[in-house]
Amino acid sequence: MEHWKTVEKNYDTFLELAENGKYGVDSGNFFDSITKCINDLNGVILNQYKVFDAKVKDIESTSKSQLIALTISIGLALLIGFILTYIIIKQLVNSFHKINEFATTLGNGNLTAKLDINSTDEIGDIAKALNTTSLNLQKLILDINNGGNLLNSTS
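Sequential numbering of the sequence shown, starting at 2, is according to our numbering.
FYI, nobody ran anything at the bench for these hints, they're computed from the structure. Take the hints with a grain of salt, since some may be wrong.
Derived DSBU-like pairs (lysine-lysine); straight-line CA-CA distance at most 30 Å [claimed, not checked]:
(1) K56 / K37
(2) K129 / K99
(3) K140 / K129
(4) K99 / K140
(5) K140 / K115
(6) K65 / K51
(7) K129 / K91
(8) K37 / K51
(9) K99 / K115
(10) K129 / K115
(11) K65 / K91
Please read all numbers here as calculations on a predicted model, not as lab measurements.
Whole structure, please, built from the sequences with the hints as guidance.
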């Protein structure tokens with residue numbers, strides 16, 4: 002806004018000088034007056050160019066610093082996202098390894114093994130279900146053994 006006030010002031014000054022005869026035919030040689038008028042206009046234009054150029058440089062400087070800040074912010078957000086993703090995936094993979102080892106242990110006949118996963122998500126639900134399955138198998142085998150022992154003692 003300041004730029005336009007300066008342009009308006011310079012234009013008003015130029016008109017005032019023209020009205021007072023500074024650029025008129027009465028002030029001497031007509032071509033000298035025209036040359037002086039053009040030189041003064043060139044000065045006004047050059048002054049306005051300098052003001053405009055300073056504003057552009059200021060805007061460029063501000064834009065560059067904002068772009069740098071935005072780039073750093075995006076980079077940090079991506080880094081934090083990658084770190085969180087790595088941590089979550091690592092926890093999931095560790096839980097799946099524990100479940101796999103537990104299932105292998107059960108498959109090898111060790112029904113006393115216990116799966117120790119303390120989470121409240123779906124992985125924790127699977128761990129609880131597998132532990133319950135292990136307990137139910139132990140109970141079933143114990144019932145079969147007791148039934149066989151009962152059968153042997155009655156025969």
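These are the hints, each one checked on the structure:
no., hint, verdict
1, K56 / K37, "holds, 29 Å"
2, K129 / K99, "holds, 13 Å"
3, K140 / K129, "holds, 16 Å"
4, K99 / K140, "holds, 23 Å"
5, K140 / K115, "holds, 15 Å"
6, K65 / K51, "holds, 21 Å"
7, K129 / K91, "holds, 21 Å"
8, K37 / K51, "holds, 21 Å"
9, K99 / K115, "holds, 10 Å"
10, K129 / K115, "holds, 10 Å"
11, K65 / K91, "violated, 39 Å"
Taken one by one, the earlier hints fail for this structure only at number 11.
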